[in-house]
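Peer 1: For reference, the chains in residue letters:
2 protein chains.
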Amino acid sequence: MAAGLSAASRARRVNPYLEILVYEKGPDISYSACGLPHLVAGVVREADALRVYSPDFFRTSRNIQVLTGHEVTEISPGSRRVTVIPPGGANLQEVHYDRLVLATGAEPARPVVPGIDLSGVFHVNDLQAALALRRHLESERCQTAVIVGGGYIGLEMAEALVACGLRVTMLERSAGLFESVDEDIAAPIEKELADHGVRLINQAPLASLVGDRSGCVRRVTWEKGETEANVVVLATGLRPRVKLAEHAGIQLGVTGAIAVSDRMETSAAAVYAAGDCAEATHVVSGRSVYFPLGTTANKQGRTAGENAAGGRARFAGIVGTAAVKVFALELARTGLSLTQAKEAGFSARAATVRAAEHARYLGGKDIVVKLVADPASGRLLGAQMVGVAGVAKRIDVLATALHARMTVEQVSELDLSYAPPFSTVWDPVLIAAQEMLRELRR
Amino acid sequence: MAAGLSAASRARRVNPYLEILVYEKGPDISYSACGLPHLVAGVVREADALRVYSPDFFRTSRNIQVLTGHEVTEISPGSRRVTVIPPGGANLQEVHYDRLVLATGAEPARPVVPGIDLSGVFHVNDLQAALALRRHLESERCQTAVIVGGGYIGLEMAEALVACGLRVTMLERSAGLFESVDEDIAAPIEKELADHGVRLINQAPLASLVGDRSGCVRRVTWEKGETEANVVVLATGLRPRVKLAEHAGIQLGVTGAIAVSDRMETSAAAVYAAGDCAEATHVVSGRSVYFPLGTTANKQGRTAGENAAGGRARFAGIVGTAAVKVFALELARTGLSLTQAKEAGFSARAATVRAAEHARYLGGKDIVVKLVADPASGRLLGAQMVGVAGVAKRIDVLATALHARMTVEQVSELDLSYAPPFSTVWDPVLIAAQEMLRELRR
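Protein chains in written order, with this note's numbering: chain W, 1 to 442; chain R, 1 to 442.
Pulled out of the complex, with its shape left as it was, chain W reads as follows:
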């Protein structure tokens, strides 16, 4: 919903006279999806704490009609109509639009394996699913959990389930955590998981879920092993919800998400798309990518809303910034990893440093900073960091540098803040840039 509500709000700002309707199939709008693991963990006690705005707020404060429980079943770009089933389901409505913004979001990619529909198997991609998981944990007194997938959500769920007192096994289909982070940066996260009792099993694609007589999951198997589980959390990634668009003949991109211009236009006239259903252009590689995150969804929604209301906004694209907290460790990344940079055709090189994130004499701890750069141009291509503190927001310096297409030399010259409680006189980012420069000159 992030993209849809951003679009609606922006359109309202641009034009106070538009009639703006937002259709939402489910019961909830405007909540922090990224807060769901914290809700499961009980750190956030009430679902309401994650809710940002109510439909009432949109109606009264922004003159936007937000209609929950309304499912759009068809869109007809030719006649500029959508077909809507209101709550109850009786009477189909045909609604005309002048401009349409598709913000259908993403859905969990469900592995096709036996037992996937057993009770006790959850994803945590929306508020209702997270609440159902929490109720299950409480009512079933679960003791063992399997998390399928070692990406951001899987990791956050591992911490949440350990906080709930469960013994957690994490199955990762590939050789290591994170496809978008190089192995050396992911390694400390693997250790952090082990230190907190999480058993991580790499190269273990899910084979089956086995239930008991009551249809409740009891065992999880993969090619080379199996383990008990009272509860299974699927964190196997997202795929764009594109059926509506596809049926309407709207073009999808190579990633399978809706192809959009930098004005968030789709291939259909007067139809925009934004958020987790749409592609984005990666500023570093220049390619269309699928990188579904709330930050991007909000920005794309803003652009789509402005243009749908008659403005002329462009979406600047993404650099692939992401951060996650796993127990006491922070991990952050932006741009291309070394592996991604090579795949994108760069003869990329990397440099890694370990440096204190603030003055050691005030308790500063080391963080690891890895930069990736293009030897031909000297341009920064990406950065990754891991450490106990000072990682997540420090990556933003490098994200900004990527937007500005800075060279590593320019990064090494940045006038960054310093005071002993916050940094060292050479910030780790600057130390990494110097090491990267030396590597490029070799």
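Think of the hints as simulated: they come from the structure by calculation, not from any bench.
Source: prediction; values computed, not measured.
Please note that a few of the clues may not be correct.
To be verified - Calculated from the model, a selection of chain R residues having no Cβ within reach of chain W, i.e. all distances over 10 Å:
| hint | residue |
| --- | --- |
| 1 | Ser32 |
| 2 | Thr73 |
| 3 | Asp98 |
| 4 | Gly115 |
| 5 | Ser119 |
| 6 | Ala129 |
| 7 | Arg141 |
| 8 | Ala175 |
| 9 | Gly176 |
| 10 | Val210 |
| 11 | Cys216 |
| 12 | His247 |
| 13 | Ala322 |
| 14 | Thr339 |
| 15 | Asp366 |
| 16 | Ser423 |
Said to hold, decoys possible - Covered by chain W, according to a simulated footprint, are these stretches of chain R (three or more residues, beta-carbon under 8 Å):
| hint | region |
| --- | --- |
| 17 | 290-304 |
| 18 | 390-396 |
| 19 | 412-422 |
Cβ atoms here follow ideal geometry from the backbone N, Cα and C, with glycine treated the same way.
With the hints as your guide, set chain R onto chain W.
Peer 2: Then chain R, alone, in the frame of chain W:
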């Protein structure tokens, strides 16, 4: 010494065969000057914790001769010689150089008032002064302190002296703390001081210090008042040490510091200057400024060292980034304040927002972000932030944007990291940029 040692180390990297001599008048080299308030507070227990490298390290690891206790009394660019008094002072030495780097640093600006030489009056600009202050606090069992000057060092010293159990009065000659921060951003710091029992008196230029019979300070007076004090700390700013350069006919800039090119060349052939004795170019205003900080000193030293050794490095200039912690508050700034921007001839406007620095449902607290921009070009000119956390390193995003000469619109599009423990889905920087855009469009 930061600039000098950076220059020497860089020169060694560029050319392994140079003979490199570093003359230091005092007994100490290579320590964290910014750590001195923490040494006074006792948070850092031993001076050695602040020392980074010893002369021995430079000799054995980098083949650089660091000569402490050696005072350079004259430089003669014509004959490429310096005159040095070695420890003991007997025999003047004349030493030839091919290239000379001036890194004479800065000295405390001492107010010219009666009583300034009383015992119990300290500055904290070098290690020996900080240690002397600490000994004085211990031996005299001081109870009341006056800090003269409400800049970064004054604020850090206020916290240090409160930690030592003293009642602290702070005298600030102007109408508010900080010349480089707008009043609205400085206001929370004034409250923070008051909440910790520090009495801040604005518009109170120091008039005199009054001592007892033993020559020890006992009272401090200003135009409209006076107060008791067992100890006085002068935090009245720095001025560049330029006597040597001046006597040698080397040109000073409008700020009174040594004028330098972006290669750190002075007006004299083969003489470079770097660090707190030299000016720097402000990237935003394009003007020469005097902004003595360790971060700049190190970078300028690196440039001077590279060029002195035959390289061709340029110093990119500064954007005036600074951060300070005052009790529980962080304050950070970069670029031009609104006042500074107007002084620099911009018809600048500002926008200020208050936003949570991470998710409120995980305990995130509000920070205040103020941006300054140029309506004509839409360009970002500066930023200031204050809050309990997440301020110091967040300012670096805007410092990087200033280096890249980004518009506010470009800042509003940045792909910054988000996870609930670190940020909100719209980072406060992005919220501020949106508000600034609205202000610019008004």
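Peer 1: Each of the hints needs a verdict: does it hold here or not?
Peer 2: Right, here's what the structure says about each hint:
1. Its closest Cβ contact with chain W, about 7 Å, brings Ser32 (chain R) to no more than 10 Å, contrary to its assignment away from the interface.
2. Non-interface status of Thr73 (chain R) relative to chain W is upheld: no Cβ of that chain comes within 10 Å, the nearest being about 29 Å off.
3. With a least CB separation of 24 Å from chain W, Asp98 (chain R) remains clear of the 10 Å interface cut-off, as annotated.
4. Chain W leaves Gly115 (chain R) outside its interface by the beta-carbon criterion, the shortest separation being 32 Å against a cut-off of 10 Å.
5. Residue placement check: Ser119 (chain R) keeps its beta carbon more than 10 Å from all beta carbons of chain W (closest about 29 Å).
6. At roughly 18 Å, the least C-beta separation between Ala129 (chain R) and chain W is larger than 10 Å, which holds for a residue marked as non-interface.
7. At roughly 26 Å, the least C-beta separation between Arg141 (chain R) and chain W is larger than 10 Å, which holds for a residue marked as non-interface.
8. The beta carbon of Ala175 (chain R) is kept farther than 10 Å from every beta carbon of chain W, the shortest such distance being approximately 25 Å.
9. Every beta carbon of chain W lies more than 10 Å from that of Gly176 (chain R), the smallest distance being close to 20 Å; the non-interface claim holds.
10. Listed as a non-interface residue, Val210 (chain R) keeps its Cβ farther than 10 Å from every Cβ of chain W; the least gap is roughly 34 Å.
11. No beta-carbon of chain W comes within 10 Å of the beta-carbon of Cys216 (chain R); the shortest separation is about 31 Å.
12. Distance to chain W confirms His247 (chain R) as a non-interface residue, since its nearest Cβ pair spans about 30 Å, more than 10 Å.
13. With a minimum CB-CB distance of about 6 Å to chain W, Ala322 (chain R) fails to clear the 10 Å threshold, and the non-interface call is violated.
14. For Thr339 (chain R), the requirement that its beta carbon stay farther than 10 Å from each beta carbon of chain W is met, with the minimum near 20 Å.
15. At the 10 Å boundary, the C-beta of Asp366 (chain R) stays outside the reach of chain W, the nearest C-beta of that chain being 16 Å off.
16. Ser423 (chain R), annotated as away from the interface, has a beta carbon of chain W within 10 Å; the closest lies near 7 Å.
17. Counting residues of the region 290-304 of chain R whose beta carbon lies closer than 8 Å to any beta carbon of chain W gives 6, which meets the minimum of three for the stated coverage.
18. Check on the region 390-396 of chain R: 6 of its residues sit with their Cβ under 8 Å from a Cβ of chain W, so the three-residue criterion for coverage holds.
19. Given a C-beta distance limit of less than 8 Å, the hint that chain W covers the region 412-422 of chain R holds, as 10 residues qualify and 3 suffice.
Checked against the numbered hints given earlier, the structure breaks hints 1, 13 and 16 and satisfies all the rest.
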